[in-house]
Amino acid sequence: MVSAKVSTSAVLGAVALSLLAVPAHAAPTKAGAGPRPAAALPAPDTAGMAAVLNSVVAKGAPGAMARIDDGATVHKTTRGVADRSTRRVITTGDRFRVGSVTKTFSAVVLLQLVDEGRLALDAPVNRYLPGLLPDDRITVRHVLGHRSGLYDYTNDMFAHSVPGFESVRNKVFTYRRLVNLALEKPLTNAPGAAYSYSNTNFVVAGMLIEKLTGHSVATEYENRVFKPLGLRDTFYVHPDAKIPGQHAKGYLSADEAGAQAVDATDQTVSWAQSAGAIISTARDLDTFYSALVRGDLMSAARLADMGRFTRVNATTSYGLGLRRRDLSCGISVYGHTGAVQGYYTYAFTSKDGRRSLTAMANTSNNSAVLNTLAQSLEAAFCGKQAAKSGRAGAPVEREDIAPSAPREQ
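Under this note's numbering, think of the first position of the sequence shown as 1355, with each following residue one higher.
Hints may be right or wrong, so weigh each one.
In the EDC-like style, the derived pairs of lysine to aspartate or glutamate whose C-alpha atoms are separated by at most 16 angstroms in a straight line are [unchecked claim]:
{"id": "1", "residue 1": "Lys1539", "residue 2": "Glu1576"}
{"id": "2", "residue 1": "Lys1596", "residue 2": "Asp1620"}
{"id": "3", "residue 1": "Lys1525", "residue 2": "Asp1594"}
{"id": "4", "residue 1": "Lys1596", "residue 2": "Glu1564"}
For each label pair, taking beta carbons as the anchor points, the in silico distance ranges come out as [as the list claims (entries may be wrong)]:
{"id": "5", "residue 1": "Gly1568", "residue 2": "Ala1426", "range": "36 to 46 angstroms"}
{"id": "6", "residue 1": "Ala1613", "residue 2": "Arg1491", "range": "42 to 52 angstroms"}
{"id": "7", "residue 1": "Asn1667", "residue 2": "Gly1414", "range": "42 to 52 angstroms"}
{"id": "8", "residue 1": "Asn1524", "residue 2": "Gly1471", "range": "39 to 49 angstroms"}
{"id": "9", "residue 1": "Arg1441", "residue 2": "Gly1471", "range": "52 to 62 angstroms"}
{"id": "10", "residue 1": "Ala1668", "residue 2": "Ala1477", "range": "31 to 41 angstroms"}
Hints listed in this document are in silico derivations from the structure and should not be mistaken for laboratory results.
All figures in this text were calculated on a predicted structure; none of them were measured in a lab.
Cβ atoms here follow ideal geometry from the backbone N, Cα and C, with glycine treated the same way.
Turn these sequences into a full structure, and let the hints guide you.
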């Protein structure tokens, strides 16, 4: 008799992943009609990726890079510079600020606490943080899925990107101060009634982490995610304003056409904290998302919770701190976008985690760059099929910073 030993975590991860491709309210599909496994993915279109990054630089980014981890093969593409002053070329090993990719890390920590019986997803946030929120119906699940109705304070903070940034780049906020800024405005919808992206939700997530563990979010990220996955270049240094080690400088595009971009590299990111202050590299983000969807970071039940998606637009759905993107070739990928002053990031993986992409441009407040960088997903996961799909232009990307603020660009 021949037998094979399979780890429990691997089995649970495989079971949970079957749910990642299914939106919370999706209509039934025919058997086998979901996204193809990574083994069937077409080869990455490296020439297409180079063209995407060329276009990103042409539209205003000093530099851009993409790293595709395809298991046995790693594809690296770079264009432009990491530093406008020294003209050092950008590399896929450069550290950078990942912005709202941080939200997935925060969600992972909270879902681990659910696994440990220290938190209930459908319990009111006010059970754990008494009196914090104005409505006892707002649950932890609502917060992690951007369905709480909490106003995004960054809409006001960064309605004008450069002066807004300069007013906070060296400030250190408490979590409660950020929540109070949001509570100056009424809820945008009844709790649970609608999706509305808000950085306030993941400030609340950070408060929950610190209240339930008695530790800083930095300690919990480190002990629960960074160290177990061997993420050697991933840090949470708040309120320190420096990026340690070799890094790409980030440039915030001016609000007025023709004005000089602002070097936004050094900042506390205290305006975001658990919503957007992690520093990482392309390698580490590829590792993180691959491990996440394989079930290495939480139980199958919690991974299934994370993957109950709400449709946002024609190509994007949101779970709990996790985005799903449906590409032109019929493949869906899982991860998050990131925007923080000076940096745009796309970090996504295939359904089974066998292929992961991280793409970054060292600029922000530039909608043309943001929309062009999104095409890196097509080159990485659809290959040359992307050019043949004939699908009309995808919906315009929205900033993770001040998603509802009016933009002149």
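Results for each hint:
no. : hint                                  : verdict
1   : Lys1539 x Glu1576                     : violated, 34 angstroms
2   : Lys1596 x Asp1620                     : holds, 5 angstroms
3   : Lys1525 x Asp1594                     : holds, 11 angstroms
4   : Lys1596 x Glu1564                     : violated, 23 angstroms
5   : Gly1568 x Ala1426: 36 to 46 angstroms : holds, 43 angstroms
6   : Ala1613 x Arg1491: 42 to 52 angstroms : holds, 45 angstroms
7   : Asn1667 x Gly1414: 42 to 52 angstroms : violated, 25 angstroms
8   : Asn1524 x Gly1471: 39 to 49 angstroms : holds, 40 angstroms
9   : Arg1441 x Gly1471: 52 to 62 angstroms : holds, 54 angstroms
10  : Ala1668 x Ala1477: 31 to 41 angstroms : holds, 33 angstroms
Against the hints set out earlier in the document, violations occur for numbers 1, 4 and 7.
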